[in-house]
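Turn these sequences into a full structure, and let the hints guide you.
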Amino acid sequence: MSGSRSWKSRWSSSRRKRIGSRRSGRTRREREVELQELKSRVEALEKELDEVKRERDEIKSSHVPAAELDTLRSSHANELDFLRTSHASAIEELKSSHVPATELDTLRDSHAAELDLLRQSHTSALEELKSSQVDASELDTLRSSHAEQIAELEAKHREEVEQLRAELDALRSSQAGEADSLRSSHAEEIEALKASHATALEELSSEHTKEVEEIKASHVPASELDSVRSSHADDLESLRSSHADELGKLRTMHAQELDSIRLSHVPSSELDDLRASHASELESTRATEAQTWQEKLAALQKDHEGELERVKAEASSGDEGKAQEVEAMRSELEALRREKEAWAKEQEELKSRVKSLSDEHDSALSTLRDEHASTLSSTREELLSTHSSDLAQLRSASDASLAQIRSSHADELASLRQKLADAESSAEQKRLAGDNSLKVELDATRADLDKAKKAIAELEETVRSSNDKLGQAQQALSEAEKQAAAANSAPAASADSDKLAALEARLADAQKELEDAHFALQSTQESTAAQLTELETMHERELASKEEDHVNSLKRRTDDHTTALVELQNKLLAVEEDREHLRQELVDAQQKALKSSQSLAGAVTDVDIKALHAAHEAKLGEVEREYTAKIEELNQAVSRLEHEVQLYRDSEE
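Residue numbers (my numbering): -16 to 636.
Treat the hints as calculated values from the structure; they're not laboratory data. Treat the hints loosely; a few may be bogus.
[Claimed, not checked] The list that follows gives simulated cross-link-like pairs (lysine-lysine, PhoX-like), each with its CA atoms no further than 20 Å apart:
hint, residue 1, residue 2
1, Lys338, Lys232
2, Lys422, Lys434
3, Lys538, Lys402
4, Lys193, Lys338
5, Lys338, Lys328
As structure tokens, this is what we get:
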């Protein structure tokens, strides 16, 4: 038994050394592979960042001035330097994070224990997975979830398209509303000017009528007539100044309307309508003013003629002073006639000025329409060519960046699948090797148990033979006692005494052999029970050690997967931030384009930028879906490992 134990201890120590040496080499190789993978990931992220920033620079280059471009280039160079520095520091940290030899030995031992545990649990896990067909259910779940995600994305895309269409319709309706409001405000201002002009004329005519009535009622002298004449001249002058002010206001409004037309890009049909309405309003205003002034002058002339007739009648009745007053009234009437002629001349001048203003307005509108048409055509052609080239460049750059991202993701997935396959194959090999070693140990234990059982059987046979001999001796002793009792009355012979002594000696020998056999049987049973207890204790210790090592290994794997998930989430957050930044830059570029073009081509620019934005959003969504699929794959790997741990624990229980 001691030789068997020493052989087992030597075999276990040599086995641990071989597994530790394999674990050491594998750990170094894995760390080198992980270092290369980290380098490739960092390079892929740098390339992706360069592509995104290049797209941003291409989008901003069509609208951003040279100074801002230089600033962006310098900031981009600073960011690249910072990324290179961080990449170098990360590589140095990875190089400095190699564990020492003692930790490697500890990792080797723990990995050996973990592999022994995996050997025992892998077979049961595979059988349960085969029987329960978990893979088929997972595939069905993945297909259904993928179909749901596709349906959600299609619905989201349709909603975004409808939202963009609604925004475009709202923009068009707002432009039409602004044009209508401009027309209505222009008409309201013209009506207000007409009303104020008519009110002023009515007030002047009423005041003049009141003054004439007062003159008729009071027969004012020449001084008052002079004051009335001067006030009438002042009224005429104020009327001329107010008319000049109104003409200035009309010119200012006309200039403002021209500026608003230039800013709002009113089509040629609306320009023709505005010109026609403005001309008709000018003609109606001109006719109304001429008619009003003709009526007013006719009324004044009629009043003065009536006053003259009255004065003549009073003069004919007889007073010399009245004759002078009549002469003064005649001179006043002559002055009024001259003022009427001057007013008629002024009306002609005003008509000619209004006509010249109308001609200038027509020529300005025609020139503005021609300039607007030429500017619109050239701007549309220039913007279409520029945006087509920008769109082609952006599409090519986006396709290249997406192809690169897909290739890098495919490489990462392939490397992860290869690592998983290698880990499974190595775990299977180590499980088989552990099974073989366990079989050898089990065979040796069974051989020892067979030997112990054989020894126990031999001892039991010896005990049975001793019991038989003891029974025979007891039977012979009883017969001898019977014979001795029968011959008790006679003197004992020497032969009988010798026979009795021999029987007693045989009985003592048989009892001694029986006691020896019982002692040997008890010692054998105790040693066998001790060996079995020791084997059970050793087996329980090995199982507890393997379980602890396996749990620690699974914890490390879970931590590694958690770290990978955190890194992927950080990548997703960075991509989301870049996408928001690019979206804001697109909005800024759109606003700058609308402010700089100041033409209807801005709508084309808006549509093109929205199309570019939608394409870029779709591509970013595709990248995000790829990252989500990768995270889901890692989560499934973690769930599979947790399931293996649970199966192992269930099997141990």
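So, going through the hints one by one against the coordinates:
no.: 1; hint: Lys338 to Lys232; verdict: holds, 17 Å
no.: 2; hint: Lys422 to Lys434; verdict: holds, 18 Å
no.: 3; hint: Lys538 to Lys402; verdict: holds, 18 Å
no.: 4; hint: Lys193 to Lys338; verdict: violated, 35 Å
no.: 5; hint: Lys338 to Lys328; verdict: holds, 15 Å
The structure fails to meet hint 4 from the earlier list, while all remaining hints are met.
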